[in-house]
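Engineer: Chain residues, written in single-letter form:
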Amino acid sequence: MSGQTAIRIEHLGKRFGAGPLVLDDVNLDIGSGEFVCLLGASGCGKSTLLNLIAGLDRPTTGTIDAPTEGAAVMFQESALMPWLTARQNVELALRLRGVPRTARRSGALELLDVVNLADAAEKRPHELSGGMRQRVALARALAQDRPVLLMDEPFAALDAITRDLLHEELERVWRQTGRTIVFVTHNVREAARLGQRVVLLSSRPGRVAGEWRIAETSGRRIESPEVAALSIEITEQLRKEIRRNAA
Amino acid sequence: MPRDTLIEEAEGRGAGRGAPEARLETQRLETQRLETRAREAEAGFATPLRGSSTHDHDDLRSLEAGLDRLQTTADGRPSAWRRFTTSVLPPILFVVVLLVAWQLYVVIAQPRPDLAPGPLDVAGAIGTAWESGRLQLAVWTSLERGVLGFLIAVIVGTPLGLLLAEAKPLRRAVGPIISGLQVLPSVAWVPAAIIWFGLSDATVYFVVLMGAVPSIVNGLIAGVEQVPPQLRRVGTVLGAGPGRLATLVVLPAALPGYVAGLKQGWAFSWRSLMAAEIITTGGTIGFGLGSMLDQSRELADLAGVLATILVILAIGILIELVFFAPLERRMLRRRGLLVERAR
Chain W
1 MSGQTAIRIE HLGKRFGAGP LVLDDVNLDI GSGEFVCLLG ASGCGKSTLL
51 NLIAGLDRPT TGTIDAPTEG AAVMFQESAL MPWLTARQNV ELALRLRGVP
101 RTARRSGALE LLDVVNLADA AEKRPHELSG GMRQRVALAR ALAQDRPVLL
151 MDEPFAALDA ITRDLLHEEL ERVWRQTGRT IVFVTHNVRE AARLGQRVVL
201 LSSRPGRVAG EWRIAETSGR RIESPEVAAL SIEITEQLRK EIRRNAA
Chain Z
248 MPRDTLIEEA EGRGAGRGAP EARLETQRLE TQRLETRARE AEAGFATPLR
298 GSSTHDHDDL RSLEAGLDRL QTTADGRPSA WRRFTTSVLP PILFVVVLLV
348 AWQLYVVIAQ PRPDLAPGPL DVAGAIGTAW ESGRLQLAVW TSLERGVLGF
398 LIAVIVGTPL GLLLAEAKPL RRAVGPIISG LQVLPSVAWV PAAIIWFGLS
448 DATVYFVVLM GAVPSIVNGL IAGVEQVPPQ LRRVGTVLGA GPGRLATLVV
498 LPAALPGYVA GLKQGWAFSW RSLMAAEIIT TGGTIGFGLG SMLDQSRELA
548 DLAGVLATIL VILAIGILIE LVFFAPLERR MLRRRGLLVE RAR
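First to last, the sequence lines map onto chains W and Z. Everything in the first sequence is counted per my numbering, starting at 1 for the first residue and increasing by one. Everything in the second sequence is counted per my numbering, starting at 248 for the first residue and increasing by one.
Next up, chain Z with everything else stripped away, as it sits in the complex (with noise of 0.2 Å):
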């Protein structure tokens, strides 16, 4: 529709719109025509035009309210079950399909089992892995590691972040370095961890910190370069000083940022903690998923790694979508930078 055509329709609309709206709220101008003629009075701007400018000021605020009423649109939010249809049934309906498929192959083509065993060996692996008490075991060693190193990263790389974004000289030097160990696989940090903290949990801790910090620090550097200026400049106006300005503007607006390199951090840490369990074992170090990986591969049990490994991959999906997700989704609606896809 042509944008004219629009504002005509609009304006018509408005009119129609405003006029009983105007009625419902006499009561309420009229009180305040009163308040501002007492003000206006004080402020001594008592002028002749009086009686007809708060005609005008009543005439002006119901144009203001029917404009302000045609240029936002009420915004529907998808309902749960809309959301449910649109993005959680599709990647479900994708997984079952994928192990019918699997299993299908394997009643049809008969593969030897132990290279190739279908999805109900695997549910068997996991079933024996639980009975047990492998299972439980490893999940709660790994996921207790990963959770506590990813808090101990995000306690060192936020202040870090915060330091080096705002002492520019300082990221200059640094900046370059903290980019480059994102790019370097943590793992590499094994064989040196190793020979300087034995086989213990520092290793792992260890090895969890280099492959989060990093990221933490760049996305808290990123967030805080891309804070707009505008938004310094009048924080400045306002009367914020460099303190109020970094706690009630800069960081504020960095949050998104932020949460996408916390949420990375986390991504690296897990990986991380998986390939250090995977290659060191024995010694003081406890039983996680990445040991109970390694054994099954000693014992040449297909069905038990493929087992393994699916569960790393759901803690990994499951931590994103009940912690990292909804964290991020609230923060982006709220500031209306979440393009709903369900409309």
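Same shape as in the complex, but just chain W (with noise of 0.2 Å):
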């Protein structure tokens, strides 16, 4: 997209107390407007860079630039709050960023439209499926009107058929606001189907071990050929990183 950095991490290491190093030495630029996904198996502190870059840790060795207004985030467990209705949700959002009373209620409703949950503003989320209630916390992201959305493996608890559906309106998402999106996820076909950038992790300490780009990205779905392809590459290498571990 557009040649601006919307995220600049140079030289970042985190460590926990006197534990081992969980980031060494990560250095990623991520471009305006770009959807990258981070793949790496676990231990490898992609959500511990997430956190970083939420700014809701701080770096131990480095810098992270991110955009000064934060970032929105996106958790595997959707986090509504149970007392409130989908809209309700939405509204707390808008509220605690400081939209006005009487312009919530629209706002909510257009949001929850654009995740396709329009019909279900006055549901609670126990009355919602999985997918709905993620759909509902993708709103929720999106009412935080932040340049950056930061989405910690947000499918990972879903059926298949459900999560080939929200990649769709994921992409949809991203495509009509032009949203940064650093997407984390251990799953490589997901990161091969979605992201523009794939960005590889090893593991115990967590550094840059390979980027693919893909060029093409529209008309992708997790069954087509060219994603199956990047996924045995990235796999090959994924498991060449997990076996250094074993040495």
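Now the in silico label distances, taken between C-beta atoms and shown as ranges:
| # | chain 1 | residue 1 | chain 2 | residue 2 | range |
| --- | --- | --- | --- | --- | --- |
| 1 | Z | Gly488 | W | Ala18 | 26 to 34 Å |
| 2 | Z | Arg491 | W | Pro20 | 33 to 41 Å |
| 3 | Z | Pro406 | W | Thr217 | 52 to 60 Å |
| 4 | Z | Pro432 | W | Pro20 | 52 to 60 Å |
By construction, these hints were calculated from the structure, which means they are not laboratory data. Note that CB positions come from ideal geometry on N, CA and C, so glycine has one too.
Got two chains here, each in a separate frame; can you build the complex from them with the hints?
Structural biologist: Put into structure tokens, the structure is as follows:
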């Protein structure tokens, strides 16, 4: 997309207390409006990296330049407030952003319509399916109106049919809103399906171990041959990284 | 049924259901499509693929609508009649059976009436107390004290609970003592209270407070402790400072524990009140149900004693039924924490 850099990570290192290094010398530039997938096995510090970008944690060494407005975050569990309806959950984000009371209702309904949930606005989270809850969470994240959207394995707990649909939904929302998206996953196919760029992190400590750029991103499906081909290539590299831990 | 079959069947039905719905929504979608296109043009996302992408969008919408329909079940709340037959009728029937058995025993075995009065004698004793006006006076006095004492306990216990829940070092110091106080029967405070306050209403209120406050404080602390950490995290990510995090996220999330504490607090208030009224009679203390119980004992009037016990029990049950049960049910149902038994 445009040449501007949204997030610049330089020589980033992270260690919790006196524990081992979780992230070591991570360097990464993420362009404005780019869709980047961070991929890695367990213990590669993907979520730690995301928390650092979100400003929920501080780096031990190195620097992160992220937009001053901060980032919206979506987690694996939808983490909707169980006592609020879908609409009220989105309204909460608008309220905390400082949107005046009169504009919240229509704003929330509009955002729910973006994720095709206008009809479920008055339902409470327990009345929604897992996929619907994640879409409400997506609408809530969009309500924050931040240029960067960080997603921490948001679809990992969903069934395959639902996940497939949400991939399309997310891709559509990305194209429509022009957000910069950093998407953390341990699912190689998911990364190959969604990302403009896939960044592979090695484990213990987490380092950038490989990078793939995808030139043509429209019309991809999880079952597309180019996605499969890329998955095979990435998986090979990933296994190599995992094997190094055995030695 | 195996899962695969279910999904296949579900997909079949979904396609059937999605189609007419999509047609119905065409009008709305058309306007949206135009809006989307306008927005895309505005943001400079216009791509040669636009025509096909909006088509895909409609496709995705109907797909999603179908899947949503499949994955959610219309929640059938049990009807009023069904609730009556499953949760109201059984206890009433049980009480009726109990009363009949009791009366039959009295009629057949002919025990000494002063040691084993029948249900009719007890009912008679309630009637006599009503006619003399003692019953109304006692119920009114006790209810007033119980409710007032409970409300004071709520006013004292809530800020105390909040303070202890949020100030960790303070809780480490005071928490175990509050939990300990919950175990201590509050009747144990009666002698001390009499020495401090004499035979006055202050004694009764003091004992009620010592009974109810620890329950309310503990309930609130437990409620706050059980707030899922991800909800706090989301609150922070959404931009809530400590103040709004407490009022918009933590407190509402802690409500189930708080209400449980209130419920237990009321039970403890009522119990402590009765104990205090039985022990402390005379002085400036008014005539409550406990006093009536004690008076009947002095007169060796067992029917009167049993009648008073039943009245105390009935009031306890009534407050639970008309106040706490609906409150709790409504709250739990909203959060999807209530498993409807009658389905």
